[in-house]
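**Student:** Keeping their order, the protein sequence lines are chains Y and Z. Counted the way our numbering counts, the first sequence spans residues 2 to 220. Counted the way our numbering counts, the second sequence spans residues 182 to 317.
Where hints are given, some of them may not hold.
[Said to hold, decoys possible] Label-pair restraints from in silico Cβ distances:
| # | chain 1 | residue 1 | chain 2 | residue 2 | range |
| --- | --- | --- | --- | --- | --- |
| 1 | Z | I210 | Y | S119 | 40 to 48 Å |
| 2 | Y | E68 | Z | V275 | 28 to 36 Å |
| 3 | Z | P250 | Y | F217 | 49 to 57 Å |
| 4 | Z | L271 | Y | A70 | 38 to 46 Å |
| 5 | Y | D181 | Z | I210 | 22 to 30 Å |
No lab work stands behind these hints, which were simulated from the structure alone. C-beta atoms are modelled at their ideal positions from N, C-alpha and C, and glycine is treated no differently.
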Amino acid sequence: MKPEPWWDEFTIEAEPTDRLLDALHYVKWYKDGTLALRRSCAHGICGSDAMLINGRNALACKVLVKEVAPKVTVEPIRGLPVLKDLIVDMEPFFEGYKAILPFLINADDPPDRERLQSPEDRARFDDTTKCILCAACTTSCPIFWGDEQYIGPAAIVNAHRFIFDSRDQGAEERLEILSDQSGVFRCRTTFNCTEACPRGIKVTKAIQEVKRAVMFRRF
Amino acid sequence: MAQRTQRRARRTQDFGSLYKGREGQWSWIAHRVTGVAIILFLFAHVVDTALVGWGPDAYNKVVRVYQNPIVGLLELGLVAAVIYHALNGLRIMVIDFWPKASDWNRQLIYGTTGVFLAGMLPITIIMLKHILKEHF
Numbered sequence: 002m003k004p005e006p007w008w009d010e011f012t013i014e015a016e017p018t019d020r021l022l023d024a025l026h027y028v029k030w031y032k033d034g035t036l037a038l039r040r041s042c043a044h045g046i047c048g049s050d051a052m053l054i055n056g057r058n059a060l061a062c063k064v065l066v067k068e069v070a071p072k073v074t075v076e077p078i079r080g081l082p083v084l085k086d087l088i089v090d091m092e093p094f095f096e097g098y099k100a101i102l103p104f105l106i107n108a109d110d111p112p113d114r115e116r117l118q119s120p121e122d123r124a125r126f127d128d129t130t131k132c133i134l135c136a137a138c139t140t141s142c143p144i145f146w147g148d149e150q151y152i153g154p155a156a157i158v159n160a161h162r163f164i165f166d167s168r169d170q171g172a173e174e175r176l177e178i179l180s181d182q183s184g185v186f187r188c189r190t191t192f193n194c195t196e197a198c199p200r201g202i203k204v205t206k207a208i209q210e211v212k213r214a215v216m217f218r219r220f
Numbered sequence: 182m183a184q185r186t187q188r189r190a191r192r193t194q195d196f197g198s199l200y201k202g203r204e205g206q207w208s209w210i211a212h213r214v215t216g217v218a219i220i221l222f223l224f225a226h227v228v229d230t231a232l233v234g235w236g237p238d239a240y241n242k243v244v245r246v247y248q249n250p251i252v253g254l255l256e257l258g259l260v261a262a263v264i265y266h267a268l269n270g271l272r273i274m275v276i277d278f279w280p281k282a283s284d285w286n287r288q289l290i291y292g293t294t295g296v297f298l299a300g301m302l303p304i305t306i307i308m309l310k311h312i313l314k315e316h317f
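Build out the structure end to end from the sequences listed, making use of the hints.
**Tutor:** Take a look at the structure:
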């Protein structure tokens, strides 16, 4: 076992339209079977294969070989403990997610049918429903790398999804959690998260909306 | 906030590669660097003004150091740091309080950098002229 991280290099042939994930599979299946990486759906929706590709966070299944050829450097996402190769311990990431109560809070009696909502009310938080919890945003954040307590962009995005939902009644509780010193005001608006999001969520914008909701209790 | 397990931050020097963030990341780094530079100057500034308590001679003797051409260049750097930090700070406040501004962050960064460079051009000429006239 090597206690220190190291680089390894592989030369393979691939079609320009292959995805980087295909190339990593080729390495794992034909070059070095010990290579460890997470992937599941391979179609950009399960959020398993976020990695640091040529210095930027992205999903390996959404990056084409022609975008990165002839030479590509792949690293595990930053700020989380590396377990092996490209696999990091996601537990601290999910703890931040759980901390913002990512579920509908509504004390009213359940209606006979679904809880109705106007298209305008639904549109209010549409952008943040797209999150797949891949951690590309959180692990692109310089504050998250340096501050061990910062809850991170993904948790705030998912808080936004419920805070601005007209059917939800837990906004006060979530805003209280996020006004903590390790909460939303750690954000220094570097926009790395917005650039990194493979779903195109305007992450920084959502964080800013939550900041203003904390300050003015307006949501 | 609920107590979370300690996340041991990874040391970036273990890997050495730089995250290739875009304009936002670089403006953030520049904001920090200029901020630290200004606060370091303020420490020196507090000391040099406090010297007046030891009489005009002590004060004049130390403040004369500011006439050194190298310190003159440092002063030019200080002006640049203050102007950049102020303009970028205004941009950050706009991002904080005007919801739509987040969509235009990159353009805002180019805008503030442009104003900064346009402002620094005459300032640099004036200050360099002064240094050259005094010493050469």
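**Student:** If a hint holds in the structure, say so; if it does not, say that too.
**Tutor:** Evaluation of the provided hints:
no., hint, result
1, I210(Z) x S119(Y): 40 to 48 Å, "43 Å, holds"
2, E68(Y) x V275(Z): 28 to 36 Å, "33 Å, holds"
3, P250(Z) x F217(Y): 49 to 57 Å, "51 Å, holds"
4, L271(Z) x A70(Y): 38 to 46 Å, "42 Å, holds"
5, D181(Y) x I210(Z): 22 to 30 Å, "26 Å, holds"
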